[in-house]
Amino acid sequence: MSVASIQNLVVRYGAFVALNDFSVEVPEGCTGLLGPNGAGKTTFLKTILGFVRPASGRGSVLGYDIATQGREIRQRIGLMPEQDCHIPGMTAVQFVTYAGELAGMPSDQAMRRAHEVLEYCGLGEARYRNVETYSTGMKQRVKLAQAIVHGPKLLLLDEPTNGLDPKGRAEMLDLIRSVSHGKGLNVLVSSHLLPDIERVADQVIVVMKGQLRTQGLISDLKRIEGHPMDVELIEKCPEFISAAQRMGAAVEDLGHATYRVKTERTPEETGRLVFQAAREAHIQVRGLALAERSLEDAFLDVLGVTAPHYHPTGGFQL
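Numbering (the numbering used here), first residue to last: -5 to 312.
Honestly, the hints are just simulated from the structure, not real lab data. We put the CB at the ideal spot given by N, CA and C, even for glycine. Check the hints yourself; a few may be wrong.
[What the hints assert, rightly or not] Taking lysine-lysine pairs in the DSSO-like style, the calculated list, with each CA pair at most 27 Å apart, reads: (1) LYS177 x LYS161; (2) LYS147 x LYS133; (3) LYS177 x LYS40; (4) LYS203 x LYS177.
[To be verified] Label-pair distances were calculated between CB atoms; the ranges are: (5) HIS109 x GLU263: 57 to 63 Å; (6) ALA9 x THR252: 49 to 55 Å; (7) LEU43 x PHE269: 51 to 57 Å; (8) ASP159 x LEU284: 31 to 37 Å; (9) HIS109 x ALA283: 44 to 50 Å; (10) ARG266 x ASP159: 45 to 51 Å; (11) ARG52 x HIS221: 18 to 24 Å; (12) ASP159 x GLN77: 44 to 50 Å; (13) GLU263 x ASP159: 46 to 52 Å; (14) ARG240 x SER(-1): 49 to 55 Å.
Construct all of the structure, not just a fragment, from the sequences and the given hints.
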């Protein structure tokens, strides 16, 4: 089941086309929205929130029309924007309470929930401090707290690890995974950082130059065509290579007593070939798994760019 359904969406800023004939189904669960800076990710989020009116196309979020029912959508969605959104002079508990009230919660209920979500986000002891005194990491946490205070059906996170050091980044990703996988909340995470998406999401939507490039499970995108097997032996064994090759397999030495075995057979048949070759070579198999390419390689292939255009922590440089 989809939490958002978009068909043939076109969004323009003057003459610039930010989204071009964009169609996508956002599934339940935790989904990564991935692409270079300027790909159209933030425009997509603004459009499904009803902040930007499309030039053409249609769509719905949680069953509500994006063109005519923006208020209903926003009441049921939590948004953690990329930019700071706190109100000067407010403590964290005041700010998060206010966010709950804006979403339609009664004041007393919003106050109770504010205390709960601030504790959940690791700000329990700092909840009475003014938000402007917070560190960058704490400000990111309070943005997450205000996004979940009203119990949304869908959580939108726009570059949630922006500006964080490695420790703060890891803690934020753990929080997001806890919200999505522990609390069962539907989450759409927008980022240009592959490791962040891989850490929290099960499926991805890839956007580039305002168009959908691909979407699907991360595990499917990492799968290598032909289903080769990676075999780890207890030690290097040239005899294993020879035996597998005699059976019609192509064998690549990956180093450290690990070999990639490729055949025209099914994965099950390739697995049987591996063990037969190991028996003939009198060597023990320590590990056997379907070979995968890295997520970085998968996305570079999808986007049609080369490795120098992407840095694992800096993202895409196009």
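Which of the listed hints are broken here?
-> 4, 11 and 12
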